[in-house]
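Asker: Chains as they are written, first to last, in the working numbering: chain V, 1 to 427; chain E, 428 to 616.
It should be emphasised that the hints constitute simulated quantities derived from the structure, not laboratory data.
Predicted, not measured: the structure shown is a model, and the values here were computed from it.
Heads up, some of the hints might be wrong.
What the hints assert, rightly or not - One side of the interface only, derived from the structure: several residues of chain E facing chain V at Cβ under 10 Å:
| # | residue |
| --- | --- |
| 1 | Val-481 |
| 2 | Ala-485 |
| 3 | Ile-487 |
| 4 | Arg-505 |
| 5 | Lys-506 |
| 6 | Cys-554 |
| 7 | His-556 |
| 8 | Cys-580 |
| 9 | His-581 |
| 10 | Gly-594 |
| 11 | Ala-596 |
Stated by the list, open to error - No farther apart than 25 Å at their CA atoms in a straight line, the calculated lysine to any residue pairs in the SDA-like style are these:
| # | chain 1 | residue 1 | chain 2 | residue 2 |
| --- | --- | --- | --- | --- |
| 12 | E | Lys-501 | V | Leu-139 |
| 13 | E | Lys-506 | V | Phe-146 |
| 14 | V | Lys-335 | V | Ile-220 |
| 15 | E | Lys-506 | V | Ile-220 |
| 16 | E | Lys-506 | V | Pro-191 |
C-beta: ideal position from N, C-alpha, C; glycine also.
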Amino acid sequence: MSFPWAEEYKPKHPFMRWMDEKLPLPRLVWGAVGGGYPVPRNLNYMWNFGVLAGLALTLQIVTGIIMAMHYQPGEATAFNSVEHIMRDVNQGWFLRYAHANGASMFFIVTYLHIFRGLYYGSYKAPREMVWMLGLVIFLLMMATAFMGYVLPWGQMSFWGAKVITGLFGAIPVVGDPIQHWLLGGYAPDQPTLTRFFSLHYLLPFVIAGVIVLHIWALHIPGSNNPTGVDVKSPQDTVPFHPYYTAKDGVGIGLFFLVFAVLIFFMPNAFGHPVNYVQANPLSTPAHIVPEWYFWPFYAILRAFTVDFILPAKLWGVLAMFGSILLLFFLPWIDKSPVRSGRYRPTFRIFFVILVVDVAVLGYCGGSPAEEPYVMISQIATAYYFLHFLVILPLLSMFEKTLPLPNSIAESVLGSGKAGEAAPASAA
Amino acid sequence: MAALEQSELQDAHAGEDGVRRRDFLNLAAVSFAGIGGVALLYPLINQMNPSADVLALAQIDVDLSQIQPGQAIKTIWRKQPVFIRHLTPQEIQEANAVDVSTLRDPQTLAERTKPGKMNWLITMGVCTHLGCVPLGAGEGEPRGPYGGYFCPCHGSAYDTAARIRSGPAPLNLEVPDYEFTSDTAVRIG
Chain V
1 MSFPWAEEYK
11 PKHPFMRWMD
21 EKLPLPRLVW
31 GAVGGGYPVP
41 RNLNYMWNFG
51 VLAGLALTLQ
61 IVTGIIMAMH
71 YQPGEATAFN
81 SVEHIMRDVN
91 QGWFLRYAHA
101 NGASMFFIVT
111 YLHIFRGLYY
121 GSYKAPREMV
131 WMLGLVIFLL
141 MMATAFMGYV
151 LPWGQMSFWG
161 AKVITGLFGA
171 IPVVGDPIQH
181 WLLGGYAPDQ
191 PTLTRFFSLH
201 YLLPFVIAGV
211 IVLHIWALHI
221 PGSNNPTGVD
231 VKSPQDTVPF
241 HPYYTAKDGV
251 GIGLFFLVFA
261 VLIFFMPNAF
271 GHPVNYVQAN
281 PLSTPAHIVP
291 EWYFWPFYAI
301 LRAFTVDFIL
311 PAKLWGVLAM
321 FGSILLLFFL
331 PWIDKSPVRS
341 GRYRPTFRIF
351 FVILVVDVAV
361 LGYCGGSPAE
371 EPYVMISQIA
381 TAYYFLHFLV
391 ILPLLSMFEK
401 TLPLPNSIAE
411 SVLGSGKAGE
421 AAPASAA
Chain E
428 MAALEQSELQ
438 DAHAGEDGVR
448 RRDFLNLAAV
458 SFAGIGGVAL
468 LYPLINQMNP
478 SADVLALAQI
488 DVDLSQIQPG
498 QAIKTIWRKQ
508 PVFIRHLTPQ
518 EIQEANAVDV
528 STLRDPQTLA
538 ERTKPGKMNW
548 LITMGVCTHL
558 GCVPLGAGEG
568 EPRGPYGGYF
578 CPCHGSAYDT
588 AARIRSGPAP
598 LNLEVPDYEF
608 TSDTAVRIG
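Could you build the full structure based on these sequences and the hints that come with them?
Answerer: This is the structure in structure tokens:
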């Protein structure tokens, strides 16, 4: 579906007409990311990150499939085969650094994409399903990244796997059987490595499938925009191609610039030196930390140090999973009819505080579990839940919002001019 | 038109209670396929549980004769470290001096060792917090503020009976199933 003024696909070449009758794939592309998808004319660069996330996934799949041709998932072979990729395989170092840093790039653009949605109210009706499918993608990404990090079978791989599967051990009664089931043993070992490899190969394709659903659900109401105001007339939109293919092209160029700096100049900046030591079940590294993109959640996990009815460890696990599951209810938690933070002055302040709060949690999650980080992560965890469970519902009741523009075209061109100006004058 | 005739035809086959033979066949077939499908899930899920060769490694014999009082060794059982510690009389005394009711996971040293073998403390070397290997069994490793074991990951400290005394771990170090096969040998598992 699309807006009634969407330009219809009219193939000119006889072959394309023949194709359109047999398999209307070009028609699908035209309607999805071509001239047949009308998009609000006022999207800013924050709207680049969906496309960039898709690009990052594609790069991960390409580099990952190639590395799977050289990697050997075995307790005795995994670590050496990764070194083999780094030293012996032609350009193997490049592929592995691209894959490892590609994961970081994927998470960077995804976090920006999520915070874009939070600021501009993209999660609100009628886009709840888009938001929830996005969260499903995020959860799948975290599972995939976690299992991928285990594959090199370094010290941090092993102990990360042990700690994270140990989280399930916190569940009363069934915890231990679940942990043994996940690992295929009593500690991470050969069975763990092979199943993680299998799933690490599978899940990106599941992610790709959910992305199709995510975009499908998006294209029913159409994209949100920085004003949060609904599209009302053809003046409010421009075709996706060439306007946003060009704008996304700029973002893609910048993406590759940053990516290249990471790969070629600081390939291990996001890594841990201790993961270049082969896994040793008898020796724990002094400081176990997950990859940076898990730090905020790791801080929430460790913030609970006191037993209160339930053991502290279980509270930590519940809070960590709760911090993400909570977001599924966000469309119904934030009842404010105004979508965009641009017209919500008080919300805007709390949004900035939330961003800082998550950054603080991230910093604490990457630090050792000692004071003052424990106390700071406790305060930051409390604020995280306070933001979503108390501040947002109260804001949607009491906040005095600013007047909204009558239309997207008016917000771009100023009132009065909206009727006459041609779309080309906007950009 | 065809659809209409079809439904009239079906009604004609219905019994007095309105139930057709086809309803029964439908229900029976779908139930059979459904139960079969669920049964098929069992091997698909259960294959991920520890396999026979992993379970077969679940028993080990350890010779204790070379372990001096105050010394501890690490061994591997089920791919996880086990701490075997020969307690000194003073360590036993320290462990027994603690008021059990003040402990997070109340247990006496006697409950955590075999009768008459209170000097042999055999526990898993797996912190009950998130599964790190605590320090204290190896030569020269720090034993923490309570003289037992100390987990460097999140600072859990265990006493000379390997009971949790401070830090985030919820439980004492786990005592595996074991038996003395002679005065100086144990079988774990």
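Asker: Against the earlier hints, flag every one the structure doesn't satisfy and list their numbers going up.
Answerer: Hints 3, 12, 15 are the ones this structure does not satisfy, whereas the remaining hints hold.
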